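Model the placement of chain P on the given structure of chain V, informed by the hints.
Protein chains in written order, with the working numbering: chain V, 1 to 423; chain P, 1 to 423.
To be clear, the hints were calculated from the coordinates, so they are not data collected in a lab. Watch out, some of these pointers could steer you wrong.
For chains that are exact copies, the list does not tell them apart, and a pair is met inside one copy or across any two.
[Stated by the list, open to error] The calculated BS3-like cross-link candidates involving lysine-lysine, where the alpha carbons are at most 30 Å apart (straight line), are:
#1 25 <-> 372
#2 372 <-> 308
#3 243 <-> 56
#4 44 <-> 25
#5 110 <-> 15
This structure is a prediction, so every number in the text was calculated from the model and none was measured.
2 protein chains.
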Amino acid sequence: MSQLAQVDLIIKNAKELLTLSPSIKDESGLGIIPGGAIAIKEGKILWVGKTADLPKQFAIDSHGQEIDATGKVVMPGLIDAHTHLVFGGSRENEFEQRIQGFSYLEIAGKGGGILSTVEATRRASFEELRSLGRRRLDRLLSKGVTTIEAKSGYGLSLEAELKILQVMRALQEEHPVDIAPTFLGAHTFPKEFKDERRRYIDLLIKEMIPKVAEERLAEFCDVFCEEKAFNLEESREILEAGKRYGLKPKIHADQLSPGGGAELAAEVGAYSADHLEYVSQRGIERMAEKEVTAVLLPGASFFLSMKKYPPAREMIEKGVAVALSTDLNPGSSMTESLPLMMTMGCLFFKLTPKEAIQAVTVHAARSMGREKEIGSLDVRMKADVVLLDIPNYRYLPYHFGIDHVELVVKKGRVVYRNKYSHQ
Amino acid sequence: MSQLAQVDLIIKNAKELLTLSPSIKDESGLGIIPGGAIAIKEGKILWVGKTADLPKQFAIDSHGQEIDATGKVVMPGLIDAHTHLVFGGSRENEFEQRIQGFSYLEIAGKGGGILSTVEATRRASFEELRSLGRRRLDRLLSKGVTTIEAKSGYGLSLEAELKILQVMRALQEEHPVDIAPTFLGAHTFPKEFKDERRRYIDLLIKEMIPKVAEERLAEFCDVFCEEKAFNLEESREILEAGKRYGLKPKIHADQLSPGGGAELAAEVGAYSADHLEYVSQRGIERMAEKEVTAVLLPGASFFLSMKKYPPAREMIEKGVAVALSTDLNPGSSMTESLPLMMTMGCLFFKLTPKEAIQAVTVHAARSMGREKEIGSLDVRMKADVVLLDIPNYRYLPYHFGIDHVELVVKKGRVVYRNKYSHQ
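Pulled out of the complex, with its shape left as it was, chain V reads as follows (with noise of 0.2 Å):
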C-alpha cells in the first residue's frame, strides 16, 4: 500500500476547472479541465487535475473537506486590481445632481467631488472607517474576490492618508480578503494646498512618502496624473521619489484628456497604467513593449456615463495585458461587484468572456506583481479558489447582476458559503 498523503480540501468534479496556467494548452485559452480536482495543503495548491487522475494515496485532513463540484465551475479567486477601499462619507446627492445634468463644477461648487469625501474621511474615526471598510471587503469576498489593491488619497494630509493605510493595515489582519495597500496622496490637490501647488508635491516628497515607506504601509505609489490634477512633470517627480523609497508606481492615466500618462507609465516602469479612455497610439506601444498592465474601469464609464471607453480591442491587439477592476470609490463606481464589471467590460470594451476573465485573474495579478502567487491555478500557488453554480464559463458575464458564487476558498480554507434559500 502506497503511503498517505495528507491534504487539508479537495475540490472535485469541476464541469469546468479554469487553471488559467499557461501550462495547460486548450482551446478556450483559459486551461480548462474539464471534470477537474484540485488538492490543497498548508493554503497552497498541492496538485491539480482530471478527477479520475486524483492520486489514490490523498487522505483529507480530520479537519478539511472535500467539496463536490458537478456540473460547476471552480477557478482562481478573482482580483480586484483598483479600489479606493477606505473612505467615508457617500456622495448619492451627487449622483442625482449628475442625472439632473449638473456639471463637475457645479456640483463641484455644491459641495460635491472629491474634496466632501475628503473631509468627510479626515472627520471619520479610525474604528469607523475600519467598519466601512470591512463591510466592503465582505461584499469583495461575497461576489468571489480574495484579493485587492486599495489606494489612500482621501486624506490629503500626512496624519489622514497614515490613518487610511493604517485601517488597511488593521483590516488585512482581520479578513480573509489579501490587500495591497498603494499610497495615493497625490490625488488631488487638498483645498488647503489649492493655490500651493509646490509646496504640497513637496510635501508629498519630503514627508509623506518617506514616512509611509518607513512604516511600511504602502507597497505602490499611484498618482492622478492628468491636466486637471498632477500634470506629467509632477507626476514624474512623485513616482520618482516613491520608487527611490521602495515604493513601486501606478498611474492614474489619460481618464478625461490626453495627456501622456501611458508613456509616462513605461518610462518609469509603472506596474499598471489606468482608465486609459484618451490613450494615444504610442502610449498603447509603449506599455506593449515595456509590459505596463492597462486596468480599465467600466464601472467609472457606466457611473459618470462617459461616451468615451478606452481602447480595449486596441490594446488586446498590440499585446497590452488588460484587466478589469471595479475603481470602488464614492464619486465615481460605487460598486464592489466585479462580477458586474465584466459583463460591462464585455459590453462597453468589447472584452469577450475569455478575456473579462483573464482580466480578473491572470492580469490583474500582474499589475500588482503577484502573477507568480495568485491568479491561476498551478501548483505551489496560493490556494484562492471560486467555486461558481454556473455551467461554463460564459456564462459567467452573460448572467448579470447576480451572485453565483457559492463558496471561496481563501489560503486553503472555506472563507465564504452563499446560504441563499427562501423561507
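Positioned in the frame of chain V, the structure of chain P alone reads:
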C-alpha cells in the same frame, strides 16, 4: 386599560419609511415618514405612521415579531412588471458572438435568437421548467421583488404555451412571489409557420387564446408589435381577440423601429406599452391621454448595446407613468436584478432616484392593474414590504451591483432574510 389589538408583525424606527402613498404629501414625492412604523395583520397593512405614534394597544401575536429598522429604509415590495420567467436553455454563446460583432441575422443563422430558446423550451419537461423558474423567483425575491408579471412566448404551439403557463401556475402555488401571467403566443412566428403567417394568427385567435382563457391561465395578452414580428393590423386583431376572452392587453411597442405601437396601445386600452425606444410624439400623447403605463427596460438597452434609448424624460413630462423592469429573458436581458435596473434607469434614461423608485412600485403596480393592492404602503394594502440596509432612498440606485435587501415580507410573512457573513 384600553383593549389589546392583536397584530402579526410590526416594523418600526425606519429612518425613512417610503409609503408611496398619495395621501402623504412631502418634498420627496415618495410619501416618506421619518422614524416610520408599520403594523401588519392577516397579510394586510393595519396601520402606518410615526413610531412614536404606534397605538399602545397593539400586541404582537405569539407567532408574530417586531423588527427594528433603525437607520434603515423600509419600502413596498418591488414589482417587476415585465419578465419572461419560464424558458429553457441559455444563450451565452450568442452573448459572445454579439461582442465579436456578429449581427442579429448572422446569430440567427448560427442557430441563435428567440427560436433557439423556443426549441429548448419545447424540449424541456414541466419539472425542468418549474425548477428553472423557481430559482429565478428565488433570485428575484433576494433582490426585494414580491410581485412579477411573467410572459409565455417561448412555446409558440398550443401545447408548449399551455405548458409554460401551467408551470407559472405551479410556481404560484409553491412560491411566495406573486405572478401575474401573460399570454405572449404572439412573440414571434414559429419556424413551422414561417411562410404561413395567417395560419399562425388564426391558431392564436381561434385556438390558443380561447384555450388559455378557458383554463384561466393568463390575465394579460401581449404582442410583439414590430415590422419584423407582428405588424400593426395583426397586433390589433390579436389583442382584440384577447379582450373578447377577458385577457387584458399589453404591447411590446416601438422597440426596434417606429411602428405606431404606442398609439395602438392607447387605442385598445392596453395596461402598458413596453420598450418604446422609437415611440412617436403622438404615441406619447396618446399614452398620457389613455393612461397607458410605459414599461422601460434598461437591461435590454445595456445587454444589446442599444444606441437609442426611450425618451423617458419626455414621457414623464407629458404625464406618462414610467415603470422599470428587468425584461428577464435569455436573449436580450439575462438578469433578475431589478435594483440594478433602477441604477441603469437613472444613468441611461435620466430618471431621478425618486422616479426610479416610483417606477418599481406604484407605476409598476399600475401597469398590471394592481395599484389598489400593491405598490404603496397604505392601510388595507397587501403587506408586501422590504427592509433595506441603506441610509436613504437615493442610496438604492447609487450603490449599485450590491444587494441591500435585508429582509422581505410577503403578505405579512417574513419570506427572505439576507444571511451574509464571512466565516
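| Checking against the hints above, which ones are violated? | 2, 3
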